[in-house]
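Engineer: Hints are included, so try docking the two chains, each in its own frame, into the full complex.
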Amino acid sequence: MANKVHVETTLNGEAVEFLCEPRQSLLEVLRDVLGFTGTKEGCLTGDCGACSVILDGRISCSCLVLGVEAQGKNIQTVEGLAQADKLHPLQQKFLEHAALQCGICTPGFLVAAKALLDRNPNPTEHEVRYGLAGNLCRCTGYDKIVRAVLDAAAVMQGR
Amino acid sequence: MHAITYESPKSLAQALSLLSATGEKGRLLAGGTDLLIQMRAGVRKPEQLIDAKSIPELQVLSFNSQDGLRVGAAVPCCRLIEDPAVRQHYPGLVEAAGLIGSVQIQSRCSLGGNLCNGSPAADTTPALIALGAVCHVASSKGTRTVAVEDFVVSPGRTVLQADELLVEFRIPAPKPHSADCYQRFIPRNEMDIAVVGVGAAVTLNGDTCTAARISLGAVAPTPLFAKEAGASLVGKPLNESTIAAAAALAQQIAVPITDMRGTAEYRKHMVGVLTRRVLTTAAERARAK
Ligand code: FES
Ligand code: FES
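Chains as they are written, first to last, in this note's numbering: chain A, 55 to 213; chain B, 15 to 303.
Think of the hints as simulated: they come from the structure by calculation, not from any bench. Note that the structure is predicted; figures quoted are calculated from it, not measured. Each residue gets a CB set at the ideal place from its N, CA and C atoms; glycine is no exception. No incorrect hints appear here.
Listed below are the simulated DSS-like cross-link pairs for lysine-lysine, each with C-alpha atoms no more than 30 Å apart in a straight line:
1) B:24 - B:39
2) B:39 - B:67
3) B:39 - A:127
4) A:127 - B:67
5) B:303 - B:189
6) B:39 - A:58
7) A:127 - B:24
8) B:39 - B:155
9) A:58 - B:67
10) A:140 - A:127
11) B:59 - A:58
Chain A side only, calculated, beta carbon under 7 Å to chain B, not exhaustive:
12) 76
13) 77
14) 99
15) 100
16) 103
17) 106
18) 112
19) 113
20) 114
21) 115
22) 118
23) 122
24) 185
25) 187
26) 188
Here chain B stands alone, though its shape is the one from the complex (with noise of 0.2 Å):
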């Protein structure tokens, strides 16, 4: 690995100020997991590393029902998994946090890392995009806040500035009969990148479906919100006419490419596959509450 210096802040104003001073040349260092690969393999040559995971706000993890879920972007997703609260309301974020790598991994990883990471097949971004989850993005000048379907711009890239940093997610607090899913698709048990991922969240009121929405990962540059898909829902009943309709849509705005790990047409098949299961799961899910 190149040289490089290393901060390790221990506030957000420490931090906003490195990163205004080093500008491009710095890069925030959460879990490292992807990070330090990349920068061995000379994909990312970063002069300084900021770390973020003695940043207080970065490090928050707390729910409560009116504002719901605030996860610091630095949390390793070994808490969050573990997090009681996150378990019962938001079990679709803990399937995805919970696919990410190996128990080593997930000691370390971040939600935040993932999303900055910025690769259309990251796990819990489609799952934080269900979730309808906010960024808060600060920087020496003021903050602003970004929804995480409009995060990622490109493979790789994401809309912050060289002199921001992303501080936390806020995800709404689940309504009544609410729930949400992920599922994702790899040849082999464990430890493994998404061929396809596909996240789902939806509200039912009785029998109908009050809102919804799809998010679909690893079928395009950047991780996709299904709009349409889950608008087709709302008013309806959630049943296996009206998902394989949500699903058809969903397939509708996959652009997926071909690669060792399937092709465009295959992936494509499985978005309409996944949307059916997550929906389903979903609704289950929503209807023992």
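One chain only, chain A, in its complex shape (with noise of 0.2 Å):
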């Protein structure tokens, strides 16, 4: 056993540490040492987002990040969208449109959403499907993710 080293990083705002070994992935260190299963492993190669995850501000694939590397990060998890027991304006919409069938692309869906609404509150059809080309999903054929997400966007801006 390799010998592990000891982080510190911030997750959905709060304060938490891990051990982990340096070849270890942040979706590895998310999923089986800290028990955020939200986040999902697709491919490994930075190809399907379904490990997407905010990394101090920048939506990235988890699964091309180690966890070592999320020393003194802020790290936003689909586990962070939601207020207590209210949904996220795209989390609500998604379930509104259907926006998944599966499901095992959403969380990275609905990460990758949020990091485009963060920068550009309100997108064009283009820049929504532009934004979340780094996010594959094999069940919805995508219209109902990108509708879901203008929508999302319309509600957040008041409209």
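Structural biologist: Set out below in structure tokens:
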């Protein structure tokens, strides 16, 4: 067993610390060490976006980040979207638009959409499609996802 | 992935001493968007990763109209793409950086990583070659500079010695009426690896071209500087026939392979098409300045 490293980070606004091996990805740490299983594993090659998290304000594939790289960083995962028992508007709109089927891609899409709206609260359809191009879905055909995100943006803008 | 150790040096001196101690067994980690995949696949097996991202010299991003642009090797492409000075003065570099992977990948990937990965199909490398970018390399013994076109020696291999690291790129200040452009061909809209990529930078004086650099990606074991193709334009107006002649010269140095992305013949044809397009666009941009 390789030596474990002690890492201190902020996860969904709360200080957390953990021990991990340097070879472990942030995805592995989130799921297997911290028990935050909302973030999904698809490809492990940066292609599918199921593992998307927001790292210091930037949407990133947690399969391509090492757990040790989280030292001193700010991480947001899908678990941080809902406030108490109130769903985030994106989650609410995904439900209303039936923008998920099997659901494996959904946490990644939600987090990527959150990152997109954080930077661009009023995106065009083109911008939504481009901003979510790093997230793959094998079920929905994307259209409902794009509509849900546009609708959520409208609600969040008070329209 | 095999067991590794991880260091995150906070200064260049610290990074260089780590590197001189580990030698071949150490490797710099920038965004990790190529390296971690290669390590998982067993293609690269460094025993120690030295995180480049906390080294201040590798995070420099600054522009001034005398000295031009400095880009630290580990600056993530998202920062480069969003930088107003880079957008204004080096649109071709922004085009290339914006073509790498998804938004997720652009949050992490860097010009330094893209170059040190040594892929013949790297998008930002031809853009840097067109701009005449120079690499600043350091080891615990000293520093040296290497032109970007001389940096990659074969697929996956670079001129870097085991104790050296790439610190930053220096990109000359844009001359009046100069501009760059990068385009690649892929069979879909986004998220793919270049079948062919071509970069160009031109400088005009009135109608006359006074300098031109053309570069090619994915058509040889390493990215290519098409020196004669660019030189053929100097002293001439940039029109359909001079551009076609330059494109033909660029085609001559392409030695592509046939693979699942395209045949050698097709790639060679596309070198001509894209060279014409990037020269035309770069010339339009230069005239508009
Ligand atoms: S699991 Fe990370 S991108 Fe697919
Ligand atoms: S809902 Fe099944 S992969 Fe997207």
